[in-house]
Amino acid sequence: MGIYMKLTTLLASAAVALGLATTGYADGHEKTKVGFVYVGPIGDGGWTYEHDKGRLAVEAEYGDKVETVFVESVAEGPDSERVMTQMALDGADVIFTTSFGYMDPTINVAAKFPDVKFEHATGYKRADNVSTYSARFYEGRAIQGHIAGSMTKSNIIGYIGSYPIPEVIRGINSAFIHARKVNPDVEFKIVWAYTWFDPAKEADAAKVLIEQGADVVLQHTDSTAPQAAAQEAGNVVTFGQASDMGQYAPFPRVSSIIDDWAPYYIARVGAVMDGTWESTDTWDGIGAGMVGIGEISDAVPAEVKEQALALKASLADGSYHAFTGPLKKQDGSDFLAEGETADDGTLAGMNFYVEGIEGDIPN
Amino acid sequence: MIRLEKRPQPSRAFSLATPVLAVLATMFFGGLLFAALGKDPFIAIKTIFWDPLFGEFAFFYRPQLLIKGAPLVLIAIGLSLGFKAGIWNIGAEGQYIMGALFGAGMGLAFYPAEGFYIFPLMVLAGAFGGWIWAMIPALLKVRFGTNEILVSLMLVYVAEQFLASMSLGLLKNPEGFGFPGSRNLQQYAPAHNADLIAGTGMHWGVVAAMIAVIFAYVLLTKHRLGFAIRVTGEAPRAARFSGVNPTRLVLFCLGTSGLLAGLAGMFEISGPAGQVTIDFNVGYGFTAIIVAFLGRLHPIGILLAGLLMALTYIGGDIAQSKLGLPAAAIQVFQGMLLFFLLALDVLTNYRLRMGRTEVA
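Residue numbers (the numbering used here), protein chains in the order written: chain A, 43 to 405; chain B, -10 to 349.
Source of the hints: derived by calculation from the structure; they are not laboratory data. Heads up, a few of these hints could be off.
[To be verified] Think about it this way: if two alpha-carbon atoms lie no more than 27 Å apart in a straight line, the pair counts; the simulated DSSO-like pairs of lysine-lysine are:
#1 Lys223(A) to Lys195(A)
#2 Lys161(B) to Lys371(A)
#3 Lys370(A) to Lys231(A)
#4 Lys35(B) to Lys211(B)
#5 Lys154(A) to Lys167(A)
#6 Lys370(A) to Lys223(A)
#7 Lys311(B) to Lys95(A)
#8 Lys28(B) to Lys107(A)
#9 Lys231(A) to Lys161(B)
#10 Lys73(A) to Lys195(A)
#11 Lys311(B) to Lys370(A)
#12 Lys35(B) to Lys73(A)
#13 Lys195(A) to Lys95(A)
#14 Lys223(A) to Lys371(A)
#15 Lys311(B) to Lys107(A)
#16 Lys28(B) to Lys95(A)
#17 Lys161(B) to Lys167(A)
#18 Lys73(A) to Lys154(A)
#19 Lys195(A) to Lys231(A)
#20 Lys73(A) to Lys28(B)
[Claimed, not checked] To be clear about the criterion: a stretch of chain B counts as covered by chain A if any three or more of its residues have a C-beta under 8 Å from a C-beta of chain A, and this derived list gives those stretches:
#21 259 to 270
#22 301 to 310
#23 314 to 323
Note that the structure is predicted; figures quoted are calculated from it, not measured. Just so it is clear, CB atoms sit at the ideal spot from N, CA and C, and this is done for glycine as well.
Pulled out of the complex, with its shape left as it was, chain A reads as follows:
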């Protein structure tokens, strides 16, 4: 009984504390507090690095009017739930949770703090105070595929997959479709690393692919280890992933897909400040500037570079869609008819390879 009484008091004081945290904001406490939960270290040179650049851009944009906090290398699951709760308790007004695995924890915490806004990257669950956002990286993959297909001499393109999830499979398909378009003899060899960030595993995967004859290595993992492995091998082309990885330019890194979260973060924090924030689902690509294409280096033949930039322009203005029929699935069944483009629902849940890719998606 005693314990129970004490608990009620605790929970009551919790409610008071939460009340304070939120009313404090309503009457305009000086700074808007913005929290970021990162899955990797900010020095990963890839995914988390770019999110942190977005955070710094928010600070640069709003100066004294914002305070940002972050916690890095947060495990998905209960740890992330605790970190989000802690940020909310400490008075965060909006919290960006930047990994797919934070989806259910974000929804759980958001339910307890209805006055705090949450922004979850790459997920599909929303609530009144939870928005989702992601980038159409597959548009960048189309350009990579074009350059890769044009430049390979062995006609073997290696691909380091992280996890066999729709996001990654979409990228493989998009790269493959556009590599085949310029080079019908091209083949993809895919290695699954089962990690987003593990330099040792990524380096091993790159070496395996190079040994199997790949002279282009695409990666959907976040470290620069595959770039280093390619540099060592000498004649292997790579692309920066998530971040520019410009330290490996002009060769092996000939271009890159850059996640640019800064415009989105600035806009969303601004919306929180002026009270216009609403729960939304954002999926932006090259056109909106969320997906950037890093400088195409001089190692790429001039005409290929020109074609790649034309492809980029057509993706940006929407005159071309990276998944345009006629396309068949790997098993030979129809996917898209002549001129038909894939709808977002199909893209979001993509769990099949297109025709021509060998091997099975692991499950």
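Following the hints, put chain B in place on chain A, whose structure we already have.
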């Protein structure tokens, strides 16, 4: 000159004092580290050790301490039995994963049925999963004399592959739009390991950890088997003469530690984690090794050490967010704890002597 002189008997006083000294040394040198990073060391130490327990939001962090500490204690208790007898199960992480998979698999197999029997069956399945995974190194050791350290460790990586396979295949949520990960057990009441009293963090895993502490204490102090464990670790020859059966001891120690690690995984996946996902395991099985040694392989010590480790994790995350300390600094801080413990352990068996070394 300072010399080390072997004590005739290990010092009891130092055996008890070294964990405390190690914590103090960690605070001191950790404070220096934080100061070197440009943070106020006193505020940093206070944020890590004091705020979660007595700060403004302690009402939230205290339950979190139980949630974070319970699996550590549960696993470490099991490991300590083997460690005392010189049987080294390094693969608790794998047993933890298998327990979680068996437990969650059992629960999901019943979905969406209702029934009071579902959760108990999951507990049994989780315990079995951890136990069977530990029996692989155990049987290989007693039958073929393989090294249990290597076999149990390698099986962690095998278990991780199973976990990935289950998240992407058999246990994948059919309503998850193709994304990896199972249904969330938190949303399936009969399989949910919820707080017994809402908001306290007191779930069945915490209860199990408490029971394990008591069980281990009684076993080690009152039971013949506990005597066999202790004597085997301290004097293997004497143990054989006193009729201890080493085969049965290996099977018991590895089996029990696997069983407890499996239970920890099962309670975690059906409660705080909720979901079978590729990254479900976060290293409890390895951290528990530190906890076991930090707790001097003593049940009560392990209980305290588990809570202390949980505190450094929770406080460390708060320090990251409030003070902007990098995660790496927190990890160094945690590493210091084990380092100082092992370094100061010397004092249990040796004493410092001032004076010149004798010339031969």
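To see whether the hints hold, each was checked on the structure:
1. Lys223(A) to Lys195(A): holds, 15 Å
2. Lys161(B) to Lys371(A): Since the Cα atoms of Lys161(B) and Lys371(A) sit roughly 22 Å apart, the hinted pair holds (cutoff 27 Å).
3. Lys370(A) to Lys231(A): Holds. Lys370(A) to Lys231(A) sits at ~19 Å (cutoff 27 Å).
4. Lys35(B) to Lys211(B): Answer violated: Lys35(B) to Lys211(B) is near 40 Å, above 27 Å.
5. Lys154(A) to Lys167(A): Holds - the C-alpha atoms of Lys167(A) and Lys154(A) are around 16 Å apart, at most 27 Å.
6. Lys370(A) to Lys223(A): Roughly 14 Å separates the two Cα atoms, so the pair holds.
7. Lys311(B) to Lys95(A): holds, 19 Å
8. Lys28(B) to Lys107(A): Holds: Lys28(B) and Lys107(A) sit about 23 Å apart, inside 27 Å.
9. Lys231(A) to Lys161(B): holds, 26 Å
10. Lys73(A) to Lys195(A): violated, 56 Å
11. Lys311(B) to Lys370(A): violated, 52 Å
12. Lys35(B) to Lys73(A): holds, 25 Å
13. Lys195(A) to Lys95(A): Roughly 37 Å between the alpha carbons, so the hint for Lys195(A) and Lys95(A) is violated.
14. Lys223(A) to Lys371(A): holds, 16 Å
15. Lys311(B) to Lys107(A): holds, 18 Å
16. Lys28(B) to Lys95(A): OK: Lys28(B) and Lys95(A) at ~23 Å, within 27 Å.
17. Lys161(B) to Lys167(A): Between Lys161(B) and Lys167(A) the Cα gap is close to 17 Å, so the pair holds against 27 Å.
18. Lys73(A) to Lys154(A): holds, 22 Å
19. Lys195(A) to Lys231(A): Given that 27 Å is the threshold and the Cα spacing comes to 15 Å, the pair holds.
20. Lys73(A) to Lys28(B): holds, 22 Å
21. 259 to 270: holds (count 8)
22. 301 to 310: holds (count 6)
23. 314 to 323: This one holds; 3 residues, not fewer than the three required, reach chain A with a Cβ under 8 Å.
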